[in-house]
Amino acid sequence: MNDVALSVSRGIARVTGAALGPYQTAVVRIGFAATWLLFLLRELPHRHELYGPDGPWSWSLAERLIDGNGAFSLLMLTDGRLWFEAVYALAVLSAAALLLGWRTRAASALFMTGVLSLQNRSVFMGDGGDNVLHLMSVYLVFTRCARVWSLDARRARRTEAARARGERVPDRLGPVLWVVLGIALAVVTLPGRLGSEWFVPMLLWTLWLAQALWWVVERRAKGGEPRILLDVIANTAHNGALLVIMAEACLIYATAGWYKVQGSRWQDGTAVYYPLHLDYFSPWPALGDLLSFSGTMVMLITYGTVAVQVAFPFTLFNRRVKNVLLAAMMTEHAVIAVVLGLPFFSLAMIAADAVFLPTSFLRRVGDGAARRWGRSVRRGDRVAGGDADVDADAQAEAGSEAGSEAGSEAGSEAEAGSGSGDGDGRGAGQAHVGSGA
Amino acid sequence: MRPVAHGAGGETETGIGERGAMDGYDTGPDARHGPDGPADADTRTGVAALSPRYQVGAALALAVVAVTVCVHIGMTFLHVAPANTVTKRHGRAIEEWIYPEFEQNWKLFAPNPLQQNVAVEVRAELRTADGGIRTTGWYGLSAQDGRAIDGNPVPSHTQQNELRRAWDFYVATHDSGNRPVGVRGSLSEAYLRRIAVMRLDRAGASRPGDVLDRVQFRSRATAVTPPRWSGERLTDRSETRELPWWRVPADEAEGGVA
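Residue numbers (full-length UniProt numbering), protein chains in the order written: chain A, 1 to 437; chain B, 1 to 258.
Next comes chain A alone, as it looks inside the complex:
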C-alpha cells in the first residue's frame, strides 16, 4: 500500500515538476512547422485555387458547409482578396516562427490559427497529411515545445547569463506582441463574427490571458509560490498534451493496421501492388513496377506493413523493439514520400513518429548540428563563457562516444540530471554512472 502511495506521489512530482520529453516535443514542433511551411511555399502559386475566395470551392460554398459544422476559419470573416493574402502570409510567418522557436507560445497559437483557417476553409483539398497536421497544431499549443533547439531557449540562456552578471534585461517586444495580438483577437472574435463554435476562440483567449498572468507573476513574485504554481500548471498541461500526441500517433497506426487486417488484399498479400498502380499515386510508374516485380517481395512488404502498424503501440513497452519498429516506419514513410508522390503526408507522419525517438539519439543529432552550426557562427560571436563552451563540447563528446545504447542513455541522463538539479539525489547519482560509461 505504501509502495503505491509512494509511486503515485513520485508520478505526481514527475508530471508537475518538469516538462517531460523536451527534445521530443522540440522535434515534433520543428517537424510539423517545417511540413506546413514547405507545403505553403510549394502551393504558393496554387494558393488561390486551393483556399482563395474565387477558387472552385468558393467562399459561399465554404460558408454553407461551415454554417453546418461550425469549424473555425479566419477566412470566413470576409471574402476579401487582401484578407485572404494576409491570412496566408500569417500562416507562412507563424510556421517560420514556430520552426525557429521564436516567441513560441504565441507562434504556436498563430500556427494553429493558420492551419485551421486554411484547412477548414477548403476541407476537400486535404488528405491524411493535412489531417495529422490539423490535430497536432492544436495539441502543440499546450506544450512547452521550445525548451531546447529554439530561439526562445537561447534568449532565456542569455537573459539568465546577463542577470547573473547583474544586468537588467527588459523584454520590450513581449508586451507589445501581447497587446497587438489581443487587439487582433478582439476584432476577430467579436460576437457573431465567427461561427457558433466556441472552442478555438476560447482557447486563444485563455492563452492570451495566461500570458498576461505569467508576466505579472514573473514581475511581482520572483521565485515565489505563484510563480511555481504557474510552472506546475504549464508542466502539467505540457505533459498531458505530450501524452495525447503519443496516444494520437498510436491511434493512427492502430486504426490503419487493424482495418487493414480485415481487407482481402492485405490478407492475400497483394495490397501494396495496387496503390503503386493508381494514376494519382504513381509519379514514377517505373519505380512502382520495379517494386512490384516480385510477388514474394510485395507479399512481404504487405504483411510487414500490417504487422508493424498493428504491433507498434504494444512495442512501446520495450525500448529496443520500439526503436526498431520506429526506424522501419520512418523508412516506409520516406519511401512513400517518393514512390506514392506524397511528400507532405510522409513528412507529417515522420514528424508524428519522431515523438517516440530516444533522447540519446535526438541529442546526438542535436550535438552534431550544433557543432557544425557553432563552427560557422562562433567566430563572429565569441564573447564570455569560454569555459562553459569547452564543458559543453566535452559533454557532447561523452554522449556520442558511448557506444552502446544503454551507455549513451546513461550519459545523457547524467547531463540532464546534473543540469536540472533533480532535488531527490537521482541527478547526482546518475552523473557518476554517466561519467563511468
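Just so you know, the hints here were simulated from the structure itself, not pulled from any lab data. C-beta: ideal position from N, C-alpha, C; glycine also. Take the hints with a grain of salt, since some may be wrong.
So, partial list: chain A residues that the calculated Cβ filter (under 7 Å) puts toward chain B [stated by the list, open to error]:
#1 Gly-17
#2 Asp-67
#3 Ala-71
#4 Asn-131
#5 Gly-174
#6 Trp-178
#7 Glu-225
#8 Val-232
#9 Thr-236
#10 Val-244
#11 Pro-275
#12 Asp-279
#13 Ile-350
Simulated restraints, written as ranges between beta carbons of each label pair [what the hints assert, rightly or not]:
#14 A:Val-179 / B:Pro-111: 50 to 58 Å
#15 B:Thr-87 / A:Trp-215: 26 to 34 Å
#16 B:Val-67 / A:Arg-10: 14 to 22 Å
#17 B:Ser-238 / A:Phe-293: 21 to 29 Å
#18 B:Val-86 / A:Arg-220: 45 to 53 Å
#19 A:Arg-81 / B:Arg-247: 37 to 45 Å
Once you have looked at the hints, place chain B on chain A.
Chain B only, in chain A's frame:
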C-alpha cells in the same frame, strides 16, 4: 546500466521520460550548465515546493488536465473505432466532442486499397457568337492530373486531391440515379461544376465570343490490372457513369473561378 529509481516506468522505456535540461547540445558561447527554461536551478519545482494553499491549486490543475486527457483519448478512440455498443449508445456525445476540429480518418488504404483508376471527363456546350450552339469534345481531367503528377516529386494538392476528392464527394452524396442526398449533394454539384469551368477555361475550350452554357461530366472506372504473378484474371469491365448536363451561372461563365 543506469539505475532506475522506481521500476520500469513506461515513459522511461519509450525514451520520453528523460528528465532533460538542455545543456550539451549547444556549443555556442552561451552554453552553460543549468536549465534552459525560466525555472530556477536552486528552487524546488513541482508540487513539493508549494505550501498547502497553493497545492490545492496544483491538484485542481492536475485533475482538470488528467480528466481532459483521458476523456479526449477515449473519445478519439471511440471516434476511430468501428461502430460498437458504446458508440451506438453515446454517438451524440462523441460527435459533440470530436467535431469539428478533432475529426479524423485513418483507414489509409484500408480495409482494401482502391483497385481502380477513375477517369473523370468533362465537356461543354457553348453559345457561339453567331447564335449557334457548339458542343466540345471530352476533356480528360483526371488524365491531366495524371500527367501533372508524372515525374513530379512534389505534386500539388490541386493535382492530387482537388478533382479526385470532389468526385468522391459527389459519389458519396448522390444515389445511382444522380439525385442529391441532403444539402451536401448540391454543394458537391456546385463544386464539380466550378472545377469544370476553371479547367475548361484553362484548356481554352471556348473561342472568343463563346459563352459557356452547360457542362457535363462522365466517369469511367477501370480496374487496375492484377499483378502477373497473382494468376488473377482481370474481369475487364469498366464502369461508366454519365451525369446530367448542368447549367453554368452567368457569373461563373464569365471567368468567376480563379
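Structure-based check of all given hints:
Interface restraint check for A:Gly-17: the shortest CB-CB distance to chain B comes to about 3 Å, inside 7 Å, so the restraint holds. The beta carbon of A:Asp-67 comes no nearer than 9 Å to any beta carbon in chain B, farther than 7 Å, and the hint placing it at the interface is violated. Proximity of A:Ala-71 to chain B holds as hinted, the smallest CB-CB distance being about 4 Å (cut-off 7 Å). For A:Asn-131, the interface hint holds, the least distance from its beta-carbon to any beta-carbon of chain B being 6 Å, beneath 7 Å.
Because the closest C-beta pair between A:Gly-174 and chain B is about 12 Å apart, greater than 7 Å, the hint is violated. The interface hint given for A:Trp-178 is violated, since its Cβ lies 16 Å from the closest Cβ of chain B, which is over the 7 Å cut-off. Taking 7 Å as the C-beta contact cut-off toward chain B, the hint placing A:Glu-225 at the interface holds, the least distance being around 5 Å. Interface restraint check for A:Val-232: the shortest CB-CB distance to chain B comes to about 5 Å, inside 7 Å, so the restraint holds.
Evaluation of the A:Thr-236 hint against chain B yields a held restraint, the C-beta minimum of about 5 Å falling below 7 Å. For the restraint placing A:Val-244 at the interface with chain B, the shortest Cβ-Cβ distance is roughly 6 Å, inside the 7 Å limit, so the hint holds. With a cut of 7 Å, the hint placing A:Pro-275 at the interface with chain B holds, because the nearest CB-to-CB distance is about 5 Å. Nearest Cβ of chain B to the Cβ of A:Asp-279: about 4 Å, under the 7 Å cut. The hint holds.
At about 15 Å, the closest approach between the beta carbon of A:Ile-350 and any beta carbon in chain B exceeds 7 Å, and the interface hint on this residue is violated. Between A:Val-179 and B:Pro-111 the CB atoms are about 53 Å apart, so this pair conforms to the stated range of 50 to 58 Å. For the pair B:Thr-87 and A:Trp-215, the supplied restraint of 26 to 34 Å is violated, since their beta-carbon distance comes to about 44 Å. As the Cβ distance of B:Val-67 to A:Arg-10 is approximately 21 Å, the hint placing it in 14 to 22 Å holds.
Hint check: B:Ser-238 to A:Phe-293, Cβ distance near 26 Å, so the stated range 21 to 29 Å holds. Range check, B:Val-86 to A:Arg-220: about 48 Å between beta-carbon atoms, so the 45 to 53 Å window is met. At about 27 Å, the beta-carbon gap between A:Arg-81 and B:Arg-247 misses the expected band of 37 to 45 Å.
The structure fails hints 2, 5, 6, 13, 15, 19 (numbered hints given earlier, in ascending order).
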